[in-house]
Amino acid sequence: MTPVTQVSGAAAVLARANIDTDQIIPARFLRKPREAGYNNFLFHDLRAADPDFPLGPADNPPILLAGANFGCGSSREGAVYALADAGVRCVIAPAFGDIFAGNASKNGLLTVVLPEAEVAALMAAARQGLPMTVDLAAQEVRGANRVIRFEIDPFRKRRLLEGLDDIGLTLTHEAEITAFAAAREAAHPWAR
Amino acid sequence: MTAPRTLFDKVWDAHAILTGADGTTLLWIDRHLVHEGSFHAFGMLQRDGRVLRRPDLTFGVADHYVPSHPRGRPVADAEAAGLIARLSANAARHGFDAMGMDDPRQGIVHVIGPEQGITLPGVTLVCGDSHTATHGALGALAFGIGASEVAHVLATQTLWQRRPKLMRISIGGRLGAGVTAKDLILAIIAAIGAAGAVGHAIEFAGPAVRALSMEARMTLCNMAIEAGSRTGMVAPDDTTFAYIAGRPRAPKAAAFDAALADWRGLATDPGATFDREVSLDGSAVAPMVTWGTTLDSALPVTGLVPDPSAGADAEARARIADQLAYMDLAPGRPLAGIPIDQVFIGSCTNGRIEDLRAAAAVLRGRHAVVPGLVVPGSVPVRRMAEAEGLDHVFTAAGLTWGEPGCSMCTGINGDYVPSGARCAATSNRNFAGRQGPGARTHLMSPAMAAAAAVAGAIVDVRKQVQP
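Protein sequences, first through last, are from chains P and V. Heads up, the first sequence is in the working numbering, so the first residue is 1 and it goes up one at a time. Heads up, the second sequence is in the working numbering, so the first residue is 1 and it goes up one at a time.
Hints are supplied without guarantee of correctness; some may be wrong.
Restraint ranges, calculated between C-beta atoms of paired labels, are given here [to be verified]: (1) V:P308 x P:L130: 27 to 37 Å; (2) V:G271 x P:P33: 48 to 58 Å; (3) P:D135 x V:A76: 27 to 37 Å; (4) V:A177 x P:D135: 55 to 65 Å; (5) P:P154 x V:T302: 44 to 54 Å; (6) V:T239 x P:T172: 35 to 45 Å; (7) V:H392 x P:T172: 58 to 68 Å; (8) P:A48 x V:D307: 49 to 59 Å; (9) P:R149 x V:G311: 24 to 34 Å; (10) V:A76 x P:R158: 33 to 43 Å; (11) V:A261 x P:E174: 47 to 57 Å.
Sample of chain V residues at the chain P side, in silico, Cβ under 10 Å [unchecked claim]: (12) D30; (13) G82; (14) L83; (15) H152; (16) D237; (17) A258; (18) R276; (19) E277; (20) L280; (21) A312; (22) R317; (23) R434.
If you're looking for bench data, these hints aren't it; they were derived computationally from the structure. All C-beta atoms, glycine included, are put in the ideal place defined by N, C-alpha and C.
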């Protein structure tokens with residue numbers, strides 16, 4: 001995974017709440033291999049219905065500002081692939097679907113949770129074409145003439161900053177995993 | 001004397017291998033369910049040259065892309081056929097049990113897990129599907145994961161997780177006649193919001209939940225994700241144990257007794273605390289219907305389509321107006337009487353035998369005035385329904401009796417709702433385009449969907465069918 005440290009540039013605005021993963025990528029495209037370019041499916045049906053839709057398959061700003069509960073619904077990681085393949089590197093919203101945010105962190109897509117009012121201020125700035133910077137190391141968003149601090153799970157932060165391979169890291173705990181499994185299965189043979 | 005613990009705490013603690021300095025826990029996973037859609041994760045495993053760590057704890061089933069037309073006919077869509085074949089190929093390569101399209105145990109992953117005795121109280125269970133919370137109905141800690149986490153479980157049989165906050169939703173009273181677990185969960189989501197439980201694991205409790213059958217508890221937990229929670233749980237009790245006894249993969253004889261001793265200790269201790277407590281009166285819940293494209297748009301069937309002017313702010317007003325435009329509904333009109341074009345009865349939410357019985361009870365001796373598709377959740381459910389003659393009730397009413405799978409809930413197996421058509425559906429999501437591009441979905445219970453099929457419109461099943 002490519003490390004993520006800082007994302008700077010313009011931001012697209014999707015000022016509506018509850019954008020579910022079916023909107024981000026309709027289910028009928030999930031059968032495609034990743035090599036098909038998931039950017040082609042990003043917001044496919046919303047784009048078809050709205051010629052002015054702020055995101056397309058390419059040439060997107062690196063930051064997306066969205067309403068609350070972004071990425072709710074299905075666990076499809078394809079929603080993250082679609083955004084990442086289309087060049088979106090950070091999504092800022094008042095809240096995210098839990099599974100979406102987890103998937104994003106595994107694919108170098110940064111999700112930043114900010115209060116509703118801060119997101120609204122950034123949206124206003126973005127609409128004027130003003131750029132912003134998301135600094136993961138400092139846990140700051142700099143834009144709209146302010147510096148806004150954000151919280152992030154330290155586990156996710158470290159893995160994003162260092163671009164770490166989860167499975168490789170986990171297997172450094174091989175001895176503990178093996179011992180745990182043996183003890184659990186001995187104590188609860190029915191659970192096997 | 002240890003401090004009082006919740007059901008969630010007990011299952012979590014029993015699976016915590018280690019907790020890092022950053023507060024993230026490495027959890028042991030007892031059961032991993034995979035389906036055709038898990039092909040991305042198997043691809044990652046292969047790309048990185050890793051092996052499946054525990055084939056004996058990995059179970060596969062074809063459900064998402066399986067057609068509902070008779071099994072003898074070929075799968076028309078080459079890509080879907082390829083994914084179904086790929087699951088079997090991955091099972092053969094890695095040595096795990098996979099229930100392909102022609103397996104007598106095949107069905108929707110969240111139906112077959114409990115049905116086969118794969119899902120048990122006190123286990124951790126994951127699957128690359130957001131409706132995995134269903135399995136929490138048996139007292140399992142079960143949640144949906146994405147492809148990267150599926151690959152992680154395949155390779156390590158573990159997952160890194162941050163302990164969520166805990167929410168208890170207590171339902172008092174008793175559900176009324178014609179009111180089901182589907183209505184209850186829709187009422188809960190309407191009350192707490194589509195993001196109301198983000199970051200939380202839910203325990204459903206209280207007398208109205210205790211009184212529910214296992215199938216109904218599965219319906220309840222299934223839609224925890226629609227309130228934003230990855231996990232919904234019900235403490236196991238005698239209803240649970242009676243359901244599990246004798247299932248193919250459930251422990252037998254002495255092993256069952258030993259398991260029972262463990263399972264009886266799982267319920268939340270008196271005095272254990274939750275980060276948030278919500279209470280609802282089950283007796284006050286009416287049959288529910290969604291009018292919009294988010295799950296919190298559920299209202300009692302006796303209600304009216306909302307007016308955008310009722311929105312608290314400009315954003316809320318726009319949100320209602322957008323949904324009404326997509327759904328082609330006029331504000332202020334009664335929900336009852338909205339004409340529908342078709343019905344869908346099935347899915348991991350409402351595709352179990354009790355659901356089919358409830359729908360058949362309404363349809364018996366009646367005719368549907370709109371087309372509809374009834375898709376049982378699994379082959380065993382289908383066979384049971386046929387032994388009871390339910391298939392004849394559906395076909396005599398004019399509905400199509402399908403082969404098991406996810407079908408028209410996800411709309412990727414060839415079954416979908418045409419653009420602009422309005423479907424009364426027993427599935428779990430009313431999102432724009434969910435059942436097909438431009439499809440309009442009204443979610444409701446199986447009895448309500450059956451009643452809508454007969455009336456050709458949304459109706460209050462309590463009025464149509466005199467108990």
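Results for each hint:
1. Restraint check, P308 (chain V) to L130 (chain P): a C-beta distance of roughly 31 Å satisfies the suggested window 27 to 37 Å.
2. The supplied range of 48 to 58 Å is met by G271 (chain V) and P33 (chain P), whose beta-carbon atoms lie about 53 Å from each other.
3. A beta carbon spacing of about 51 Å between D135 (chain P) and A76 (chain V) contradicts the range 27 to 37 Å that was offered as a hint.
4. Under the hint 55 to 65 Å, the C-beta atoms of A177 (chain V) and D135 (chain P), about 59 Å apart, fit the expected range.
5. Here the CB-CB span from P154 (chain P) to T302 (chain V) is close to 49 Å, well matched to the stated 44 to 54 Å.
6. Here the CB-CB span from T239 (chain V) to T172 (chain P) is close to 43 Å, well matched to the stated 35 to 45 Å.
7. At roughly 60 Å, the beta carbons of H392 (chain V) and T172 (chain P) sit within the given window of 58 to 68 Å.
8. About 29 Å separates the C-beta atoms of A48 (chain P) and D307 (chain V), a value inconsistent with the hinted range of 49 to 59 Å.
9. Separated by about 31 Å at the C-beta atoms, R149 (chain P) and G311 (chain V) satisfy the suggested range of 24 to 34 Å.
10. Checking the proposed 33 to 43 Å range against A76 (chain V) and R158 (chain P) shows it is violated: the Cβ atoms sit about 47 Å from each other.
11. About 32 Å separates the C-beta atoms of A261 (chain V) and E174 (chain P), a value inconsistent with the hinted range of 47 to 57 Å.
12. With 10 Å as the threshold, the beta carbon of D30 (chain V) comes within range of chain P, its nearest partner Cβ sitting at about 5 Å, so the hint holds.
13. Hint status for G82 (chain V) relative to chain P: holds, with the closest Cβ pair at about 8 Å, below 10 Å.
14. At about 6 Å, the closest approach between the beta carbon of L83 (chain V) and any beta carbon in chain P falls short of 10 Å, and the interface hint on this residue holds.
15. For H152 (chain V), the shortest C-beta to C-beta distance to chain P is roughly 6 Å, which falls under 10 Å, so the interface hint holds.
16. Hint status for D237 (chain V): violated, given a least beta-carbon distance of 18 Å to chain P, over 10 Å.
17. With its C-beta approaching chain P no nearer than about 6 Å, A258 (chain V) sits inside the 10 Å limit, and its interface hint holds.
18. Restraint check, R276 (chain V) versus chain P: the minimum CB separation of about 15 Å is more than 10 Å; hint violated.
19. The beta carbon of E277 (chain V) comes no nearer than 20 Å to any beta carbon in chain P, farther than 10 Å, and the hint placing it at the interface is violated.
20. With its C-beta approaching chain P no nearer than about 21 Å, L280 (chain V) sits outside the 10 Å limit, and its interface hint is violated.
21. Checking A312 (chain V) against chain P: minimum C-beta separation of about 12 Å lies over 10 Å; hint violated.
22. At about 12 Å, the closest approach between the beta carbon of R317 (chain V) and any beta carbon in chain P exceeds 10 Å, and the interface hint on this residue is violated.
23. At its closest, the beta carbon of R434 (chain V) sits 5 Å from a beta carbon of chain P; the interface hint therefore holds under the 10 Å criterion.
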